[in-house]
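Enquirer: Protein chains in written order, with the numbering used here: chain A, 1 to 327; chain B, 1 to 326; chain C, 1 to 322.
Calculated from the structure, these hints are not laboratory results. Here the structure is a predicted model, which is why all the values come from computation and not from measurement. Where hints are given, some of them may not hold.
[Said to hold, decoys possible] Sample of chain B residues lacking proximity to chain A, with all beta carbon distances greater than 10 Å (derived):
#: 1; residue: Gln81
#: 2; residue: Leu172
#: 3; residue: His237
[What the hints assert, rightly or not] To give an idea of the chain B side of the interface with chain C (calculated C-beta under 10 Å), a few residues:
#: 4; residue: Leu145
#: 5; residue: Leu179
#: 6; residue: Ile262
#: 7; residue: Ile263
#: 8; residue: Ile286
No residue lacks a Cβ here, since even glycine has one placed at the ideal position from N, Cα and C.
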Amino acid sequence: MTAPVLSVRNLQVEFETRRGTLRAIDGVSWDIAKGEVLGVVGESGAGKSVTGLAVIGLIDRPGRISGGEILLSGLRIDNLPPEEMRKVRGKRIGMIFQDPLTSLNPLYRVGDQIIETIKTHTNLTDQQARKRAIDLLAEVGIPAPEKRIDGYPHEFSGGMRQRVVIALALCAEPELIIADEPTTALDVSVQAQIISLIKRLGRDHGTAVMLVTHDMGVIAETCDRVAVMYAGRVAEIGPVQEVIKNPLHPYAKGLMGAIPTLAGEDKRLVQIPGSMPRLSAIPPGCSFNPRCGAAFDRCRIDRPEPLRQGTQAVACHLYDRATETAA
Amino acid sequence: MLAFTLRRAIQAIGVMIAVGIIAFAMFRFAGDPVSQLVAIDASSAERAQIRQSLGLDDPFIVQFGRYLFDAAQFKFGVSYQFRQPVSDLLKERMPATLELAVCATILALFFGIIMGVFSALRRDSLMAKLFQMVSLIGISLPTFLIGILLIYLFSVTLGWLPSFGRGDTVKLGWWTTGLLTVSGWKALIMPSITLGLFQMTLIMRLVRAEMLEVLRTDYIRFARARGLTTRAIHFGHALRNTLVPVITVVGLQFGSVIAFSIITEQVFQWPGMGLLFVQAVQNVDIPIMAAYLMMVSLIFVTINLVVDILYTVVDPRLRATISRPA
Amino acid sequence: MSDAALPHPTPVEAPRTTSDGWLKRALASDLFYSFRRSKLTVAAAVVTLLFFLLAIFAPLLSPQNPFDPAQLQLLNSRIAPLWTADGQSPFLLGTDEQGRDVLSAILYGLRISLLVGILGVVFSGVLGIGLGLVAGYFGGRVDTVIMRIADVQLTFPPILIALLVNGIAKSASGNHLEWLSMLGVLVLAIGLSFWVQYARTVRSSVLVEKNKDYVAAAQLIGLPAPVIMLRHVLPNTTGPVLVIATINLALAIITEATLSFLGSGMPETMPSLGTLIRIGNNYLFAGEWWIVAFPGIALAGLILAINLLGDWLRDALNPKLR
Numbered sequence: 001m002t003a004p005v006l007s008v009r010n011l012q013v014e015f016e017t018r019r020g021t022l023r024a025i026d027g028v029s030w031d032i033a034k035g036e037v038l039g040v041v042g043e044s045g046a047g048k049s050v051t052g053l054a055v056i057g058l059i060d061r062p063g064r065i066s067g068g069e070i071l072l073s074g075l076r077i078d079n080l081p082p083e084e085m086r087k088v089r090g091k092r093i094g095m096i097f098q099d100p101l102t103s104l105n106p107l108y109r110v111g112d113q114i115i116e117t118i119k120t121h122t123n124l125t126d127q128q129a130r131k132r133a134i135d136l137l138a139e140v141g142i143p144a145p146e147k148r149i150d151g152y153p154h155e156f157s158g159g160m161r162q163r164v165v166i167a168l169a170l171c172a173e174p175e176l177i178i179a180d181e182p183t184t185a186l187d188v189s190v191q192a193q194i195i196s197l198i199k200r201l202g203r204d205h206g207t208a209v210m211l212v213t214h215d216m217g218v219i220a221e222t223c224d225r226v227a228v229m230y231a232g233r234v235a236e237i238g239p240v241q242e243v244i245k246n247p248l249h250p251y252a253k254g255l256m257g258a259i260p261t262l263a264g265e266d267k268r269l270v271q272i273p274g275s276m277p278r279l280s281a282i283p284p285g286c287s288f289n290p291r292c293g294a295a296f297d298r299c300r301i302d303r304p305e306p307l308r309q310g311t312q313a314v315a316c317h318l319y320d321r322a323t324e325t326a327a
Numbered sequence: 001m002l003a004f005t006l007r008r009a010i011q012a013i014g015v016m017i018a019v020g021i022i023a024f025a026m027f028r029f030a031g032d033p034v035s036q037l038v039a040i041d042a043s044s045a046e047r048a049q050i051r052q053s054l055g056l057d058d059p060f061i062v063q064f065g066r067y068l069f070d071a072a073q074f075k076f077g078v079s080y081q082f083r084q085p086v087s088d089l090l091k092e093r094m095p096a097t098l099e100l101a102v103c104a105t106i107l108a109l110f111f112g113i114i115m116g117v118f119s120a121l122r123r124d125s126l127m128a129k130l131f132q133m134v135s136l137i138g139i140s141l142p143t144f145l146i147g148i149l150l151i152y153l154f155s156v157t158l159g160w161l162p163s164f165g166r167g168d169t170v171k172l173g174w175w176t177t178g179l180l181t182v183s184g185w186k187a188l189i190m191p192s193i194t195l196g197l198f199q200m201t202l203i204m205r206l207v208r209a210e211m212l213e214v215l216r217t218d219y220i221r222f223a224r225a226r227g228l229t230t231r232a233i234h235f236g237h238a239l240r241n242t243l244v245p246v247i248t249v250v251g252l253q254f255g256s257v258i259a260f261s262i263i264t265e266q267v268f269q270w271p272g273m274g275l276l277f278v279q280a281v282q283n284v285d286i287p288i289m290a291a292y293l294m295m296v297s298l299i300f301v302t303i304n305l306v307v308d309i310l311y312t313v314v315d316p317r318l319r320a321t322i323s324r325p326a
Numbered sequence: 001m002s003d004a005a006l007p008h009p010t011p012v013e014a015p016r017t018t019s020d021g022w023l024k025r026a027l028a029s030d031l032f033y034s035f036r037r038s039k040l041t042v043a044a045a046v047v048t049l050l051f052f053l054l055a056i057f058a059p060l061l062s063p064q065n066p067f068d069p070a071q072l073q074l075l076n077s078r079i080a081p082l083w084t085a086d087g088q089s090p091f092l093l094g095t096d097e098q099g100r101d102v103l104s105a106i107l108y109g110l111r112i113s114l115l116v117g118i119l120g121v122v123f124s125g126v127l128g129i130g131l132g133l134v135a136g137y138f139g140g141r142v143d144t145v146i147m148r149i150a151d152v153q154l155t156f157p158p159i160l161i162a163l164l165v166n167g168i169a170k171s172a173s174g175n176h177l178e179w180l181s182m183l184g185v186l187v188l189a190i191g192l193s194f195w196v197q198y199a200r201t202v203r204s205s206v207l208v209e210k211n212k213d214y215v216a217a218a219q220l221i222g223l224p225a226p227v228i229m230l231r232h233v234l235p236n237t238t239g240p241v242l243v244i245a246t247i248n249l250a251l252a253i254i255t256e257a258t259l260s261f262l263g264s265g266m267p268e269t270m271p272s273l274g275t276l277i278r279i280g281n282n283y284l285f286a287g288e289w290w291i292v293a294f295p296g297i298a299l300a301g302l303i304l305a306i307n308l309l310g311d312w313l314r315d316a317l318n319p320k321l322r
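If we strip away everything but chain A, and leave its shape as in the complex, we get (with noise of 0.2 Å):
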């Protein structure tokens, strides 16, 4: 059996404010395996984007990785020396950001800049290297890729550039995509065409991705697995059909009651009343505790630990036997 391509473990992730240290990030793991669609879901400030950055190594200061580790197909990446973990970026991993409009720089060519990576990562001539691009954007499906190549970024529509960026992240055939809201930031009409050539890449090219989105449809749509997140840890992660049609973690089923369905039209959409808890304001025991029609002692000063239950894991006591017998 291979290692999977991407290996989370207990990674924590803390950021130095002069009024002291909150923890983003605190004992996330999960695996992505070759070829597998993981979608990272909750919202926002759960501390989706910055599993992200921190998978590549993108953490800037105040903020550093203070526990935990993560492995790509094996090798652990987040003690590299800077210059070492620079050529993994891009090369091993690719990753595409929110909004297309801002991720790429004015001033240069698009093609330039496909260029630039392309001959960061390889040892192809300028030719080689100018014909590569110009078959990655035919291959993100840009129309008359030999001559847009030479347009600069304003000249291309949202959905255009966030196949450019899509191309950039395919420069140089990296095992690991991550994508972090990649279709947010676009009109929904573009939004499908972004997610199903994501989805048809990654299959094409055997690519893990790691897809952060707080859209549950387009985790439905193109997700294998699915992993809920809340104030910096994994609520619930499982195969995406159970999590949505029988999620265990009192989050997740909140968060599943409110997705708008097309067949229970009478349906009232469930909310979850509250807000998540600032990072410098987390609660003991269950950090969703507060907001938990569910809730009972346990749950104020344990901190729960990920149970497997079948297919998923969960981190709450509901589903732990110790709870069960004391009950």
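Could you slot chains B and C onto chain A? The hints should help.
Expert: Positioned in the frame of chain A, the structure of chains B and C alone reads:
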């Protein structure tokens, strides 16, 4: 592109006409030109005759038109102090000021950009803090104090450099240059530093602030995520995006450098237009003041125009919006 | 990447139910925090305060009144500072060519420099804020005219404008100005040179507020919109205006000193710091450095301290730069 250039050119002419009104108003109404030209005991008939010959009895608009028409041909009247045409005086003094201003700007650009980039990239290094201190002192020390300090150090105490004047100059047509003699270069050193220091400080702060801003942008983050080398990110992507606004400011500042040279020229008795202007203000020599205002404005406006056009060459986004027919 | 996903480094905006008073207190405490944290800023504040006190109590601190010709004796001219071989009591920092005690002249000169600076800043502030409000509120042609003038003026360095105003005033008065009217001219020159920044700041704030619903709502219930807007616009611009004013105070003092140095400012009988430096500069080659050095140090120290305060204020009030 042509339409844009034309529009800007028309705006520039508008500014020049506005400045012309101010200059003319000064020329005509601040002080009585007649009493400056005649003896105190001149008869009223004599005065009236001079008024007539100067055209001061003509309607305002005619006088203004004549003033602008003359100014367009670089005729600015006769200096009260020197009894010489102002245009001759300016022409004689201009090379000194321009050589000083260009030299100071080159110094300021060179050191300002290096120091700015350095202090943006190594924000917390000792060197960056030192640069910050230097820049604060550069802004806090009035230009004339810097000049006096330099003179005291290098002229009075050490005796290395001349404390005043341009040194030996060489005539090239009507242009006199100090750049072809050793004494000319020696004389240029301290005034250039004095004049350039403030600009250097400004450029350094601007480059630092812009660079920090650019380093925070998404495309720099994306460039890092693509695994580009630090060198490529800093000096390829970040610096180029930083320099776009810097070009504008430096261009616009060149006009200020010429105007600021008033102070430097006074300290070093540099025989340029600024010194002429200071003397004119002290002696209420209105024709020179008005002419200097027009000349400096012309330089400003021209630079503005050039910078605007240059800007479009550097930034493809602008080029696109401009060339697109409105 | 959304920044919202990153933990907010300054959880200042904590409670949702922010009342005005609470916000003000939080701002004040934040300001105070960053003030206390920077030793340099505290030092700058102390030095600035010291300069103000020295200026205010100059008559009590000075051995002589340098503006009173009766107290000056040519016998005492060009005496070196006290600690040198040629020093004489009571002239701690020596005397100039008119027998004026340099220390007293600095203290009195400081008064003039600060007075002109502050009045100049107040004048330019009132002018700029007023024009900014008018331009932003009325818009249209009024706005265009005011902002065009601002654009054009911004390309000219203040010193040039100040020199021109000065020259015109001199010419109008036939080159004879009393010291008091000279003071007025200096304030006018500085005010006219520095109003643009205020006007731009206030104008943009007005433009933002103008389109907000509460203005329309206020008009609906019959409240005069200008009054309502003033109440919102002025507090919003307090921060930026304060920063501009602090930095401009330093610039105004430099401008006054420069004008006086160029011989277009305070007369030699009523010298400001700039005038003192101008006088002293003539004796530099004779080796009488103290006549220029001490006023120069005082001027540079004052401006440096104010600039440090301004820098800190700008950083503290502009969270983007933090």
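Enquirer: State for each hint whether it applies.
Expert: Going down the list of hints, with the structure as the test:
The beta carbon of Gln81 (chain B) sits about 52 Å from the closest Cβ of chain A, which is more than 10 Å, so the claim that it is off the interface holds. The claim that Leu172 (chain B) is not at the interface with chain A holds, since no C-beta of that chain comes within 10 Å of its own (minimum 40 Å). Separation of His237 (chain B) from chain A is inadequate, the least Cβ-Cβ distance of about 5 Å not exceeding the 10 Å criterion. For Leu145 (chain B), the interface hint holds, the least distance from its beta-carbon to any beta-carbon of chain C being 5 Å, beneath 10 Å.
Violation of the interface hint for Leu179 (chain B) is found here, the shortest Cβ-Cβ separation to chain C being roughly 26 Å, above the 10 Å cut-off. With a cut of 10 Å, the hint placing Ile262 (chain B) at the interface with chain C holds, because the nearest CB-to-CB distance is about 7 Å. The criterion of a C-beta within 10 Å of any C-beta in chain C is met by Ile263 (chain B), whose closest approach is roughly 6 Å, and the hint holds. Among the interface hints, the one on Ile286 (chain B) holds; its C-beta lies about 6 Å from the nearest C-beta in chain C, closer than the 10 Å criterion.
Violation of the numbered hints given earlier is confined to hints 3, 5; the remaining hints are satisfied by the structure.
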